Amino acid sequence: MATTLDIAPRGTHTASRLHFVTRETTTRQVGAIVLGLAAATFTVGTAWDIQWHTAVGRDRTFTPPHILMLGGIALLGLVSLALILLDTRRAKRGAGVDQSNSSRMFRVFQAPVGLAVTGFGAALAALAFPFDDYWHTIYGIDVVLLAPFHVMLGFGVIMAELGVLYLIAAEAGRIAVGRAKTAIQIGFLTQLGVTLSTIMIYLVQGTSDKGLMHFGSYSVVFYPLLLAAIVPIGLLTAVWVTRRPGAATVTALTVLAVREVMAQFVPWAMTNAVAAEGLTYRPTAPPFVVTANALPLGILAAALLIDALYAGLRRRTSGSVPLLAVAGALIAVGETVIDQPWAAVLPKYYYLDMNPSAMWLATLPLTIVAAMLGTGLALLISRGLAGARQ
Amino acid sequence: MKALRSLTVCGMLTVAWLMTAGGVSAHSGAPVRSFDVQVGPYPVTVNYWNEPHAGQPLRFTIVPRGSGPVTLHYQAEAVPGTTVDAVPVRAQMGADPDNHYGVAGEVNLPVTGQWLLNIDATGTHGPGSGDAPILAASPVVMPEWMGWLIGLLPVWAMLGFIVAQARRAGRNILSAQPMGV
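So the protein lines, in turn, are chains A and B.
FYI, the numbering for the first sequence is 1 to 390, going by our numbering.
FYI, the numbering for the second sequence is 1001 to 1181, going by our numbering.
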């Protein structure tokens, strides 16, 4: 069986031991797929929730989109807990789980560190829900997206997704070469795309009435700042961790697939849920899917450029990492020129006297700083993921 | 086995609580607030059975007053005041077990501030509409800095984890190894 041959030899493995290791890898891969689907459920649920807030308004805690989001969070938490317990049991029985493929946690559990991160992230996101409800009772239903407990909720899930990425990366890291490794790498890139989509949801604030940030008399546009930081985190991490040209494109295509799912699901879910509950639309209800602006098409162009550069640079024996870092940051800044949904929305609805070109220029210095910070973070994340084994 | 049994009992109790939590429950004792409201041609008394608090449902009853025309059907919703950032919330209504002609209801007040309980009634004298005031009390207000302190927990935790893992992996991991993850 190909999978068995792909297992990286660590010490002397007996045939039965190899069987267990293979079974363990398969279990974790299946677990990672379920966790990835749970995270995607949360992300699509969040897109629905943002539409719900804008079009109908939040009238209680357990609205249909909130139930979908909570379902995703619950699945993330419960599946990671189940996998941790399963691995701990296998470790106690000596059945393929040991220090080479898992870590000891709290002196009780023995499991991959990624699963613990996923569990903690899900727990924090679940904890954020009642806090968010409380915050809404004080500040109203139209609290901005970047409010304390919206951040806690979203970043709790992003933390859980980071854990899934570590889980997959550790599995891929223990396999030397072959089809199984390629399959795990594709799984990794797909999960990276879902994670990127979750982070990108925050771009919605850039096309809302809070689309400008003010520092005294100096105003900047929020959208390009965040976009320039996010693009390298997703696309550079893809090529640095997998070391394959095409990795950034696979990640970008996943983002666009999530965008398409949102575009199909959100209007359908809105129509049916609003009709089923007998609710009425707010006068300000937008006739389009709000979160489409958050997952811009230009990410594909940026990914293709990064992949082409990586293909050209990877033969170099030294200096490829800093060169790609600089190029990646520049590409991220370039994407803020291609993707400017804020330039169509902000002057039309919220800032009537705004000159988009002048605003983009005013934001450019901070956009460059954001792209550099995003690239730095991508380096740190990639280093950890590339070295993950437990 | 014992643990499993306890877990099952806890689960059943939770399900039972969730099933009853959303329904319109019977009331006892005296109402905490009462308002005489003219709903079109129908004089009614609106009773609140708990103090209105933001984030909690308000239980109320609507009882016809005097010997006026008979009311057949009620609908109610909580309408936010002009300074309250919220949308109207429809009330759940059911028969009032204590008054044959009255109705009992429950409405969620998601945001602090002034609301109106808007009542629509239809009866022998046609349709009518009227309002009863609600002041939804605020919970204890958490300072915004504390909100951010708690809200940013996953961000700090994640950054700490990323830095720790990067240190553990070593500086040359991205360029030194021929094969990636």
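Quick caveat, the hints were computed from the structure, so don't treat them as lab data.
Model, not experiment: these values are computed from the prediction.
Ideal placement from N, C-alpha and C gives every residue a C-beta, glycine not left out.
Among the clues, some could well be false.
Just some of the chain A residues that point at chain B, by a computed CB distance under 7 Å [stated by the list, open to error]: (1) D59; (2) T63; (3) P64; (4) R104; (5) G140; (6) V144; (7) L145; (8) L146.
The hints, checked one at a time:
no. : hint : result
1   : D59  : holds, 4 Å
2   : T63  : violated, 10 Å
3   : P64  : violated, 14 Å
4   : R104 : violated, 15 Å
5   : G140 : holds, 3 Å
6   : V144 : violated, 12 Å
7   : L145 : violated, 12 Å
8   : L146 : violated, 10 Å
In summary, the numbered hints that this structure violates are 2, 3, 4, 6, 7 and 8.
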